[in-house]
Each structure stands twice: as structure tokens, then as C-alpha cells.
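Undergrad: Sequence:
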Amino acid sequence: MPDFNIASEQSLGMSHIGEKTAYGEYVVNLTDEEVRVLVDLIREKKTSDVEGLELENSHPEIYCKLDNAYRAVAYRAEEIERLWEGFNGCYFDYDTDEVMEYCEKNCGFAYHPSEWIVTDKDDEDYDEDALYDDKIEVFNNWLRRYVRNLSEDEAVGFFYNHLNADLMLDDVDYDVLIPCAIVKMAMEQ
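Residue numbering for the sequence shown follows my numbering, beginning at 120 and increasing consecutively.
These are computed hints drawn from the structure, not numbers from a lab.
Among the hints, a few may not be true.
To be verified - Below, simulated DSS-like cross-link-like pairs (lysine-lysine); rule was C-alpha separation at most 27 angstroms, straight line:
{"no.": "1", "residue 1": "Lys184", "residue 2": "Lys303"}
{"no.": "2", "residue 1": "Lys254", "residue 2": "Lys165"}
{"no.": "3", "residue 1": "Lys164", "residue 2": "Lys254"}
{"no.": "4", "residue 1": "Lys164", "residue 2": "Lys184"}
{"no.": "5", "residue 1": "Lys254", "residue 2": "Lys224"}
{"no.": "6", "residue 1": "Lys184", "residue 2": "Lys165"}
These numbers were taken from a predicted model, which means no experiment stands behind them.
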């Protein structure tokens, strides 16, 4: 059974900096027979347009595989874009102290006070609130760098598991297409 790479790019609407687009890739697995059917249909109907091929009606099992693959890639692309948007916009509602403690134990975060912070409790300029605020600021800067260095899957897991990301994607727009490699096969005589 051959694997075919597919890609999806969809508009997420406009923002203050212009149109936002999500891009994703996926692999769809089709049998040799399904590939042959698609190649024959493209040659016969002289189009690679899924609607023009009437694929949904004539070969619903093939259409279903392609539909599931394109839905998955579109959902994942939009999910990732929305999660980063939530993180960068500080939309996640999480307990900073809990996440900071987790990161100290598991992710390598270590607090080193800023130069101007007095850490000696016996000093008359010692300010516990200023020390705490500095720790939070240092942590937030560290967290931004840390998450950006994670793989895509690790970042998504971190958002959901530790930053309480709550994302509901009901309707994701996508198009069902024939993988490019199959279209190229059909073009070859």
C-alpha cells in the first residue's frame, strides 16, 4: 500500500497584520487498486477535481479516506495555529506558580535573580514582593524561549497538559484533493 503526502493550507481570517494562514502536512495510505482507480478516473474524465470525478458517489470508500486525511491535516494545522495564538496572546489561564514549579523540577528552569534585586533578607532594602515579581518575569521570559524550542507535538502537549489550553474547533474548512503524485501518474501516458 503506497503512502501519499498531502498538504493543506487554509485561511484563518484576517488579523491586524493581514491574512492568517495555517499549513499542515499528512500522509494518506491508499491501496494499489485505489491508486489505479484514481489514475483511470483522472484520465477518463480529464480532470483531477474531486467533484468533477464524482468521487464521493462513484467510489465513496476512496473519497472517505481522502476526506478523513484532509480533515485531519486541516484540523491539526488550525489547532496548532490557534494554540500558538493563545500562548503568544497570553490567553491560557494557568497557575504560574504550579507551572514554574513543574518547570523547575522537569524542564530545567532555574531562577537567578536580576542584578538589581536584593536577596539578603537582613538587608533593609529587601522586598519579598519585588523578588517574587522578578522571578515571575524571569520565568515568563524563559517559558517563551523554552516552548519555542520544543517540537510541534511537544509544544502542543505542553499547552494542553500544563498551560490549560482549552481549544474547541467545531468547523474546520478544507478541500478534498487528489494527491499530487497520483495526478502526475495520471498525466504520464
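Undergrad: Give a verdict on every hint.
TA: Hint-by-hint comparison with the structure:
| no. | hint | in the structure |
| --- | --- | --- |
| 1 | Lys184 / Lys303 | holds (19 angstroms) |
| 2 | Lys254 / Lys165 | violated (64 angstroms) |
| 3 | Lys164 / Lys254 | violated (66 angstroms) |
| 4 | Lys164 / Lys184 | holds (21 angstroms) |
| 5 | Lys254 / Lys224 | holds (16 angstroms) |
| 6 | Lys184 / Lys165 | holds (22 angstroms) |
Hint violations for this structure: numbers 2 and 3, all remaining hints satisfied.
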